[in-house]
Amino acid sequence: MGGKTVTRADLCEAVYQKVGLSRTESADLVEMVLDEISDCLVRGESVKLSSFGSFLVRQKGERIGRNPKTGEEVPISPRRVMVFKPSNVLKQKINQALAEAE
Amino acid sequence: MIKSELVQRLAERNPHLYQRDVEHIVNAVLDEVGHALMRGDRVELRGFGAFSVKNRPSRTGRNPRTGQKVAVTEKYVPFFKTGKEMRERLNDGVDLGD
Chain E
1 MGGKTVTRAD
11 LCEAVYQKVG
21 LSRTESADLV
31 EMVLDEISDC
41 LVRGESVKLS
51 SFGSFLVRQK
61 GERIGRNPKT
71 GEEVPISPRR
81 VMVFKPSNVL
91 KQKINQALAE
101 AE
Chain B
1 MIKSELVQRL
11 AERNPHLYQR
21 DVEHIVNAVL
31 DEVGHALMRG
41 DRVELRGFGA
51 FSVKNRPSRT
61 GRNPRTGQKV
71 AVTEKYVPFF
81 KTGKEMRERL
91 NDGVDLGD
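So the sequences go chain by chain: E and B.
Taking full-length UniProt numbering, I'd label the letters of the first sequence as residues 1 to 102.
Taking full-length UniProt numbering, I'd label the letters of the second sequence as residues 1 to 98.
Looking at chain B on its own, in the form it has when it is part of the complex:
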């Protein structure tokens, strides 16, 4: 499913809304999550999962082919941890642990 299909499905479930409004809703949700991560905040959506940002400090890496040292700068990577309910739903309602 891509974003336009998500909008389409939501529009079908909400015939009283304009498709344009549904698009704005989906974008508002995704933007809010994105902006939170840009501030370094965590986004916790119970049952679904949690988004956070992890810091990867700068390090000296190596080109695996030549063995040459290369400086890798510090970076931030978005991280997602699946929620408990979602984990269970993916496995026929069984909680298999982390």
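Bound conformation, chain E alone:
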């Protein structure tokens, strides 16, 4: 299955190909897209991108975890985590594409 890793450079290339901007500006814009999403989440706001998915921030309370190697109990401090909830459209597209590839 796949096996390649897509990075920022590929996203910049896609923007460069589709919109008539310079490579430098394409790279800046990709960074700004990620920054706007990150800043929003850091403020505690969720980000909903239709037909792609949503990024949500969840508040986790303190819980007891266990070191899987030693079995030792360790408290896990309360924290905020970010989760990605893929849209049904994206899930369907991925399943269709990969089922056909088999």
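Calculated from the structure, these hints are not laboratory results.
Note that the structure is predicted; figures quoted are calculated from it, not measured.
For glycine and all other residues, C-beta sits at the position ideal for the given N, C-alpha and C.
Please note that the accuracy of each hint is not assured.
[Unchecked claim] Lysine to aspartate or glutamate pairs mimicking EDC-like chemistry, simulated, CA-CA at most 20 Å apart: (1) E:LYS91 x E:GLU102; (2) B:LYS84 x E:GLU102; (3) B:LYS3 x E:ASP39; (4) E:LYS48 x B:GLU23; (5) B:LYS3 x B:ASP41; (6) E:LYS48 x B:ASP31; (7) E:LYS4 x B:ASP31; (8) E:LYS93 x B:GLU74; (9) B:LYS81 x E:GLU45; (10) E:LYS93 x B:ASP41; (11) B:LYS3 x E:GLU102; (12) B:LYS54 x B:GLU44.
[Claimed, not checked] Stretch-level coverage of chain E by chain B, calculated; a stretch enters the list once three of its residues show a Cβ under 8 Å from a Cβ in chain B: (13) 3 to 9; (14) 28 to 40; (15) 84 to 91.
Place chain B on chain E using the hints.
Coordinates of chain B only, in the frame set by chain E:
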């Protein structure tokens, strides 16, 4: 924030661009991530996070209400792992571990 608001904010920061172009940029980024996942590729965005696809093999499930056996077909689910920098930023710059 929804996609149109994201486009709006980016357009405000880039007054030299048409709003239509900003829309194309946002879509190009999201499409590129989506297409990579459709190929089964991984998308690694340092500082932000990484998208990948996990395979869930077919299994025999059970209807929890009736206890009846049901066949669940193989499927692929998109997965996202938050990047280190993002994890820290969500917690006032403190790295609390995984």
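Here is how each hint holds up against the structure:
1. Taking the CA atoms of E:LYS91 and E:GLU102, the gap is about 17 Å. The hint holds against a cut of 20 Å.
2. For the suggested pair B:LYS84 and E:GLU102, the alpha carbons sit about 34 Å apart, so the restraint of at most 20 Å is broken.
3. About 14 Å separates the Cα atoms of B:LYS3 and E:ASP39, which keeps this hinted pair within 20 Å; it holds.
4. In summary, the hint linking E:LYS48 to B:GLU23 is supported, as the alpha carbons are separated by about 15 Å, within the 20 Å threshold.
5. Taking the CA atoms of B:LYS3 and B:ASP41, the gap is about 24 Å. The hint is violated against a cut of 20 Å.
6. Between E:LYS48 and B:ASP31 the CA atoms are separated by roughly 15 Å; this keeps the pair inside 20 Å, and the hint holds.
7. Proposed proximity of E:LYS4 and B:ASP31 is supported: the alpha carbons are some 16 Å apart, at most 20 Å.
8. A hinted pair counts as satisfied when its Cα atoms are at most 20 Å apart, and E:LYS93 with B:GLU74 qualifies at roughly 15 Å.
9. Between B:LYS81 and E:GLU45 the alpha-carbon distance is near 19 Å, which keeps this suggested pair within the 20 Å criterion.
10. Only pairs whose Cα atoms come within 20 Å are accepted, and E:LYS93 paired with B:ASP41 is accepted, the gap being roughly 14 Å.
11. A C-alpha spacing of about 33 Å is found between B:LYS3 and E:GLU102, which places the hinted pair above 20 Å, so the restraint is violated.
12. At roughly 15 Å between alpha-carbon atoms, B:LYS54 and B:GLU44 fall within 20 Å of each other, so this suggested pair holds.
13. Remark: the stretch 3 to 9 of chain E is confirmed as covered by chain B, as 6 of its residues place a Cβ nearer than 8 Å to a Cβ of that chain, reaching the required three.
14. Restraint check on the stretch 28 to 40 of chain E versus chain B: 9 residues with Cβ-Cβ distances below 8 Å, three needed, restraint holds.
15. For the stretch 84 to 91 of chain E, the stated coverage by chain B holds: 4 residues have a C-beta nearer than 8 Å to a C-beta of that chain, and at least 3 were required.
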